[in-house]
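Novice: As a plain string of letters, each chain reads:
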Amino acid sequence: MKKKALSLLLASTMVVSLAACGGNNDASNDSASTSSGTTSSDNSGSSSSDSSSSGDSASGEYVLTDVKIMVNGTVNSVKQETEAQQTNRDAFIPQLEAAVGEAIGHEINIEFEVASHSDYAGYVGRMFVSEQYPDVMIMSADMLKQYESTGLLWDMADAYANAEFQSRLQLPGINENLKDSQGHLYGFAPTYGNGCVTYVKQAWLDNLGINGDDIKTYDDFYNMLVRFSTEDPDGNGIDGDTYGFISAGLIGSEAPWINYVAEFWQGAYPSILQGEDGVWYDGFQTDEAKEALLRLQKAYKEGVIDPDSFTAGTKDAREKWFGAEQSGSAGVFTYWAGTWYQNLANNLEKNGVDNEVYELAPIAEITNTFGGYLNREAPVWVILDDGDGDDSREQAIFTAILDTMLDGDKVQTLWTYGPEGIAWSTEAEEFSLYPDDPDKRKDYSYQDGEFHMRPGLEDPNILAVKNHLDPALTISPLTNGYVSSTDLQDISNKFFTDHCVDAPSSPSSDTYSERSAEIIDARDVVIAEVVVNGGDVDAAMQKYVSDVGSLVDQILEELNSAE
Amino acid sequence: MSNKNTTTTASGIQIRRKPLGLRIWNNRGHYIMFLPVFIFVLILNYWPMLGIRYAFMEYKAGGSPSWTGLTHFERMFSTSAFWSAFGNTLVLSIVKLFLTTFASVIVSVFLNEMGNLFVKKTLQTIIYLPHFMSWAVVASIFTLILSPSSTGMINGMLRDLGILGPNDSSIYFLADSKMWRPIFYLINIWKDTGWGTIIFLATLSGISPELYEAADIDGATRLQKIRFVTLPALANTIITVLILNLAKVMNLFESVFVLYNSAVYDVSDVIGTYIYRQTFMVARPDYGYSTAVGLFRSIVGCILVLICNKASNKVRGRGIV
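If you read the protein sequences in the order shown, they are chains B and R.
The first sequence begins at 1 in my numbering and counts up one residue at a time.
The second sequence begins at 1001 in my numbering and counts up one residue at a time.
A few of these clues could be false.
[To be verified] In the DMTMM-like style, the derived pairs of lysine to aspartate or glutamate whose C-alpha atoms are separated by at most 25 Å in a straight line are:
1) R:Lys1178 with B:Asp538
2) B:Lys410 with B:Asp90
3) B:Lys410 with B:Glu102
4) R:Lys1178 with B:Asp521
[What the hints assert, rightly or not] Stretches of chain B that chain R covers, calculated by requiring three or more beta carbons in the stretch to come under 8 Å of a beta carbon on chain R:
5) 113-122
6) 149-159
7) 295-309
[Stated by the list, open to error] Derived contacts from chain R toward chain B, CB cut-off under 8 Å, selection only:
8) Tyr1059
9) Ser1080
10) Ala1081
11) Ser1150
12) Thr1151
13) Ala1175
14) Asn1261
15) Ser1262
16) Tyr1265
17) Ala1283
18) Arg1284
19) Pro1285
The hints are simulated quantities; they were obtained by calculation from the structure and are not laboratory data.
All residues carry an ideal CB built from backbone N, CA and C; glycine is no exception.
So that you can see chain R by itself, here it is in the shape it has in the complex:
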């Protein structure tokens, strides 16, 4: 039994708590060390959050902010382009996440099976490289490769192979609603798979060799060892990676921004690009509306984090926040 002024030790002994002031004084060294961090967090993390109020204001250059209530949210929820962007954000992010994670797992397993260390390291380096290219460069490269003009590499190959006839129009891959998403996923897999393998390779290197030796004694084939030893050992890491990344799905912007165009808005426009156009493509934007859309995105992101935390608790026995 403990009350406000008493506390119970691990051995069950009740002791009287010292007053708060005295406890602070006794730990003053720690508190002094903590103070700058506390101020730092307040200024850089919480002070900017006061900007949320602009979601409920008209906030334009050349005028003082004025309260408008829920007007921005009414406009946002009644705009079909917003809902399209919201749906696209979820679909593109989640599908991309699963595909790149899956690809990373497969590549990691293959790399792990390689016996020649030199080839393994070389391949690892090669597949890491795309991660270090900026999205602007990646987009330029793929725009050239996929160009519908006579200089486009893929269209040229299709013609050389006779798949496209002399009278057929070139395929405009990045302006076709049916093709844009698959291409987007492919480019993401190309760019991020290598980087994603790092964590899986680290896990794989931690698998006890005894498990493989035991499997050998039992007469397991290579594929059986992958199936019954490697993949189960990776399962926890895969789930952790998925959960951690699921919390970030609303942040999609750059990769879409450099690859999309008005012909594929219906399948490519995400909340980030939608906010960008509504804010920076007009001469005198209302930042209140942009803030409202951003706030909505943050709330959805926050809910996803909480869901992931719950899922993490269930799967790993500990949360992510």
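Isolated chain B, as found in the complex:
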């Protein structure tokens, strides 16, 4: 009897524990379904939760009460990896809900899901195949191209045309260019894409008596790199313990592939792109690409490029460039314009290195081919189509989230700078950065009503960074006068816009979206073989053609037949 009682007790314990697990899942599923509509992958499914829990369209106008947003690492105020980030998030979301609620006239619950930044495309793919859809989300331009033909995304052309922000739009071309040939608009870009500028340490130029303005051609550029790597630009008394150039990879991991190494690639574009005649071709199989590989090979062999560049990530390259130990560092680093110009200078200063940075104008070989530094295709916001044939919910999402994002006032300020009272304030206050370091100390004093950024929570010696929208890049500016860009940011943004051209469009074909990794693998092997191992460029290209030539041809055929 005792045994039976014990067995029953154990069995019921296990059943209860299993039920508890299941119960948790049920709870989370319920929560997901009430906070966001289910979206059918084939556009035919129902989204019962849309009308039952998120609003009512019977009266004609959909009342959106819950919305689920999925973002990558570009929305700083919703990250939650550190205590400081969690504090920011806890303040930001209620403020955003209140501001959006005020704008749309009723309460709204906003749920953010932050996906891994480095594996965002993979994460989105996994979510979609398991039919877990947010209501609205960020996509890179490349992702947009692969998903716009799937029927998953809502065509927001009409909503965009009637948006409240239209009257303040300063860069209408950005979203007009995102429309397909039929005029459909599946992604909305609140900013332009931005791009990279080549930065040179001014102190190194000065130490070697080089005038940055004299660097006009590739030969000038290369000679500067040679001097940086053979002489003593950091002034530590040792010749040749520095490098000319460092980059995060010899080719980027996403379009526009060449922007970290622009001077070496020049007019070559190592990917599938569309020619001026409208015909798609493989830019990696051109003579320009071969010449670029030989330039990289020479620079690598002569020790002008830091060899760590081959495997360095962006963080590795950045930190080596602005690190406290300048021996082993490089003089030239190509990185993002605008905010990053300020960040690089801040980090140099933080590490006790001269923080004056020279922005190098595109060399002649770049301006004569592409026309300037490449402005990448802008990341976009997309709305998932619930497939019920009724656009009222999607329109409501557009109005609540995307239209208000550029309202010029409260909501846009939150998307731009983060939570009020934490990242920024308009109240009178005084504070100091580096209060204990007399050399670096900076004092700030603000009157009541004066907009200003506050010391960051992560590092109280640096002012809080922007949240998501870069005020200098936005297509519709703030109208409340809340401007917080530094001189360096302004200089860099102007410099970039004066010297940039739009990057080539990413291709969109079924085979490309599914098998591009094979082409990228083969291309990366060629670059490694030629540049790092000093191999023969023709032989390496031949291998590329034999490995993926037929696959590239198939993609080109798809692209050109679709035109």
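Mind docking chain R on chain B? Use the hints.
Specialist: The following block gives chain R in isolation, referenced to the frame of chain B:
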């Protein structure tokens, strides 16, 4: 002689079997206890296996799965990168297994011979430590040490020793196809040898001291005692460890992923990293293809397990499954 309804006891008496329903009822306590486990296994171990069907489907985000037959397998078998990854998986895993096992045995024997208990325990702790470091940290450390730039420690030492001249280029250890595998094995030995010694030290502690005393009486030297007492006592354990680990050779991923790069794909790319790139480095992957490659890997792994089971039966007299 027994039929469906009778059974024979150990003493040879034939008795009539009770009906199944009655047997279940009589053991209902056990069955009730087993039921949750059964459901648990079904849900967590067998339900996910239904995903195997995707290997025969086109399964992309934004579209319903559709049957494509053996298309993915045709693509897989006609791709040279796949076969290269398959070969690398076997070579890297098996060589790594033998080297780390060999190193663990040697270190265990040396530790066992140590008389000073404090030094022995300290050394044991030191050699266990690398096992607890994540592969990402290990890779960062070795990438810095082996860096080809002027800050790289090994290249700096080679220059200081005059092995590399002032005009010689630095050696890019992790981007050289000839050097990558030896370095990979060395790093694995450094990381896993200590952990591998645990089971061998346990075996060594179980060897009867009488055997060593007998060897002493026979006038055996220290080396002879190792050769004729210690190693034979370890032999069965070594074979067991090898067999058990051989079944896992297809699972290689993390250690390669953090150390490889495109310059050494030909010697380093394994099936795990190949699947990763084909799935997560494209904007809209076909998970059907990834599943097909994964299924192939599982089948090969399954065959290896069966071979190991057979080998285990032969060597130890009992299987591993």
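Novice: Run every hint past the structure and note whether it holds.
Specialist: How the hints compare with the structure:
1. Between Lys1178 of chain R and Asp538 of chain B the CA atoms are separated by roughly 22 Å; this keeps the pair inside 25 Å, and the hint holds.
2. A threshold of 25 Å between alpha carbons decides the hint, and for Lys410 of chain B with Asp90 of chain B the separation of about 18 Å falls inside it, so the pair holds.
3. A distance of roughly 10 Å separates the Cα atoms of Lys410 of chain B and Glu102 of chain B; the hinted pair therefore holds under the 25 Å criterion.
4. A distance of roughly 20 Å separates the Cα atoms of Lys1178 of chain R and Asp521 of chain B; the hinted pair therefore holds under the 25 Å criterion.
5. Given a C-beta distance limit of less than 8 Å, the hint that chain R covers the segment 113-122 of chain B holds, as 3 residues qualify and 3 suffice.
6. Beta-carbon proximity to chain R at under 8 Å applies to 3 residues in the segment 149-159 of chain B; the threshold of 3 is reached and the given coverage holds.
7. Counting residues of the segment 295-309 of chain B whose beta-carbon sits less than 8 Å from any beta-carbon of chain R gives 5, enough to reach three: the coverage restraint holds.
8. A cut of 8 Å between beta carbons decides the hint on Tyr1059 of chain R: the least distance to chain B is about 6 Å, and the hint holds.
9. Contact between Ser1080 of chain R and chain B, as hinted, is supported at the beta carbon level, the nearest pair being about 7 Å apart and thus within 8 Å.
10. At its closest, the beta carbon of Ala1081 of chain R sits 7 Å from a beta carbon of chain B; the interface hint therefore holds under the 8 Å criterion.
11. Among the interface hints, the one on Ser1150 of chain R holds; its C-beta lies about 5 Å from the nearest C-beta in chain B, closer than the 8 Å criterion.
12. This hint holds: Thr1151 of chain R has a C-beta 4 Å from the nearest C-beta of chain B, less than the 8 Å allowed.
13. Restraint check, Ala1175 of chain R versus chain B: the minimum CB separation of about 5 Å is within 8 Å; hint holds.
14. For Asn1261 of chain R, the suggested interface contact is upheld, since its CB lies about 5 Å from the closest CB of chain B, less than 8 Å.
15. Of the supplied interface hints, the one on Ser1262 of chain R holds, with its beta-carbon coming within about 4 Å of a beta-carbon of chain B, less than 8 Å.
16. For the restraint placing Tyr1265 of chain R at the interface with chain B, the shortest Cβ-Cβ distance is roughly 6 Å, inside the 8 Å limit, so the hint holds.
17. Because the closest C-beta pair between Ala1283 of chain R and chain B is about 4 Å apart, less than 8 Å, the hint holds.
18. The interface hint given for Arg1284 of chain R holds, since its Cβ lies 4 Å from the closest Cβ of chain B, which is under the 8 Å cut-off.
19. Because the closest C-beta pair between Pro1285 of chain R and chain B is about 6 Å apart, less than 8 Å, the hint holds.
Checked against the numbered hints above, the structure violates none of them.
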